[in-house]
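Student: Using the hints provided, position chain B relative to the given structure of chain A.
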Amino acid sequence: MGVHAIEFQVVDKSFRKNKVLQGTTFQVETGRTFAFLGRNGAGKTTAIRMMLGLLNRDDGMIRVLGLDPQVDPIGVRSRVGYLAEDQTMYGWMRCEEILRFMAPFYATWDHDLALQYARDFEVPLQTKIKHLSKGQNVRLGLVLALAHRPELVILDDPALGLDPIMRKQFNRDLITHLQGEGRTVFYSSHLLYEVEPVADEVAILDQGRIVRQSETENLRNDVKQIVLSSDAAVAVDETTSVLQRRAEGSELAIVVEKAQDMIESLRNEGVEHRVVDLNLDEIFEAYVTGTNNAEPHKKAEMQRIAGEA
Amino acid sequence: MQSVWLSLLWKEWREHRMKLAALSGVAFLTLFLICFTFRNNIIDVFAFMTTSLGCYVFMTTFFVAMNVAGGESSRKTMPFLQSLPVPMWQPAAAKLLLASLTLILPLLLVMAFVYLPFLLGAESSESVRNAIDWDQGRWPQPWGIDDWFTARLVGSVLGILSFLLWLTAAGVNRSDEIRAGAVGFLTVTAVWLCFAGLWYIAEKKELPTIETFLKVAISAAPGGPGYSVWTKSNTLACLLIALVGHAGAGAWFLGRFGQVKFKSNRGGARDSVVQVDYTLGPPRHSQSSAIAWKQLRETGPLAAFALAATLAFTAIVLLADETKNVNFKRVFIQIGTGMSFFVVLVAGIGLYLDELKPGLNNFWRSRPNDLRLWFGVKYVAGLLVLIAVLGVPLFMAGLFYWSEGHHDLDWNEFWNGAHVATWVLTITYSIGMTAQCLTRQPLYAAALTVSILMIGAYLLAKFNDNLQLSTATNVTIMIVSLVVVIALAWQTVKHDWGWK
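Protein sequence lines, in the order shown, are assigned to chains A and B. Residue 444 in our numbering sits at position 128 of the first sequence, with consecutive numbering throughout. Residue 443 in our numbering sits at position 441 of the second sequence, with consecutive numbering throughout.
Hint data in this document are derived by calculation from the structure and do not stem from the laboratory. Any given hint could be a false lead.
Within a straight-line C-alpha distance of at most 16 Å, the following computed EDC-like cross-link-like pairs (lysine to aspartate or glutamate) qualify [unchecked claim]: (1) K444/A / D279/B; (2) K78/B / D402/A; (3) K446/A / D356/B.
Just so we're clear, the structure is a prediction, and the values are computed from it rather than from any experiment.
The following block holds chain A by itself, in its conformation from the complex (with noise of 0.2 Å):
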């Protein structure tokens, strides 16, 4: 286990009555990529400025690279490099003005570096940024919070907008390229196909609270999709986590958690089933959707479906 870039312990954060994070618990191994995912409205944004001591939290505990960013803010955003969702920058300054006016914000501060990301990531220095095109924007964004070299990179939905080449683009060489210089990489999404390739471990944030936290591989072992007849649904373990049913005809399709555990089960049993493999997507989905309903409700509706079919 190594160090850990961040730490969220049992936070919480509520904007009035509204809870947007609820004893959100995980944890970012210094090094690692990890994705950081969720549905519009799910909490990551808020978490993200928790991170960056632009927001208090309520409650919990929240350490960015060693540092509680509400006590030392600018010591965090000194070492760690942010590229917000949708970055707005100043429109009427160029982009040679904006990278030599954010320069003695930071200490670590490296100009030719800064220059060399300019001309890797096409961004025309002589421009102003109000006529920048959406992609130029986040290629100055990312010049802006990599050229310091921060330890930590906290990237909210920087592709959102791009088109899909250039989030391809975007996913394949910027996060491998940071990857490969051994940061910590922060990555906020909803697209959870963009960040399957890159991400060594992923966290799902649905509602406020962290449903799922696991290195990218386990998860795909860990969570599949199992099809059975309906007469052998009764047959599933109560104690099996199901994430997600549907009945397809005859058959029951169902996703579960510990997937290994249910097909020694089933195959003991003798009960006749087809596993399939789940993408990213496929899981999140199943986490996101199927948590609205409670544990024992699943076990009976498995039952009327098996019943009805």
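Tutor: Just chain B now, with coordinates in the frame of chain A:
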């Protein structure tokens, strides 16, 4: 079709109703303060009501007009409005209509309130009659309308409609409210200065035909109807010219509103353009110099305009002084003072106008900047620019005036005036900044600033009357009030408080 109009008017009503409430509040507060302060001198009550009407007409119309002209673009809602299946002149007309109501209704309410005692026979009082006569002598009744209330309402409503049409026509389709306001203000000032220049030449060269022509032509200028209704001659010609000029301004606004193509920045259409110029100047020397540079760049356009206007007005006043045209000099000193106040107010509000918008607010706050430094350098840089563009030219003008042989200039009085003017400038700028941080809406910030200034001035005058405060106490009160205002702004910026 009817439902389209209803929908558009409903939307505009929802957007204007709080402005209506704020303006009504300011109007009644002004009335209350005037009546209470001058309750023993009814002449002053009427005099200040007329002066306040003049201020209301220009200032509030400016803020409402800049919202009408640039509000949709500023909020990035113009593309949505353009996508609606209605011709763009319809939303534009709905905006103009509701903006006019927002500006005129508070006046009607206040005037109705003032009129109540007259229904009960207050007009029969000799002192009231004398006060009205005195005020009517100062500012003649438009078209010879005898009733003071009707006359003032007609003048004010015409002024409001005139400024609204001109300011919205000049600022239409600008990318944000400040640009719309700046272009509108610049246009209005340029038109006035043109008329002033022509008038000066006509008077000096004794060209009565040109003078008569200008007296008629000014009806078409911003606020012109407010002037022309007072002239007793050429009424019909003035009216026609006013109608033609303002119908043109209105048609320009209705025809141009929303007729702008928004650049699609998606998809990186420009990405294919190879930029070969990859040179990067050295970083800014320090955080302070970076923030000061940014502030100077942001205040630059307003400062340049203020400097040009100050120089132009100073020159006009000096020329008027040379030709012994006392009225001309008085009017331009009043306009110049009003404009200076206005520039200071806009500079104060503008200090955090963009930076507290959600996107930019998140950007600069998420960087490792020292908030105290950010706040302090911005404040001081903006203030120094204002003093430089407003104070220095006036000081130079004083020196010039004195060097030209006007040794009757009382330097003591000059310096006292300079001190008070600097304080008024600083407190107005500071309250404007604080009000913007709290309300995050320029119109509300302006209304709040004016209210605070009026209440403050009233309380200071009251304390001085009742307690006979010493100069030292007055200075202490001024300094403490300034510190309190700045401290409140600092806390608001620090904690990101304010109306969101």
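Student: Run every hint past the structure and note whether it holds.
Tutor: Evaluation of the provided hints:
For the proposed pair K444/A and D279/B, the alpha carbon gap of about 14 Å is at most 16 Å, so the pair holds. The suggested pairing of K78/B with D402/A holds, with an alpha-carbon distance near 14 Å, which does not exceed 16 Å. A hinted pair counts as satisfied when its Cα atoms are at most 16 Å apart, and K446/A with D356/B qualifies at roughly 14 Å.
Against the hints set out earlier in the document, no violation occurs for any number.
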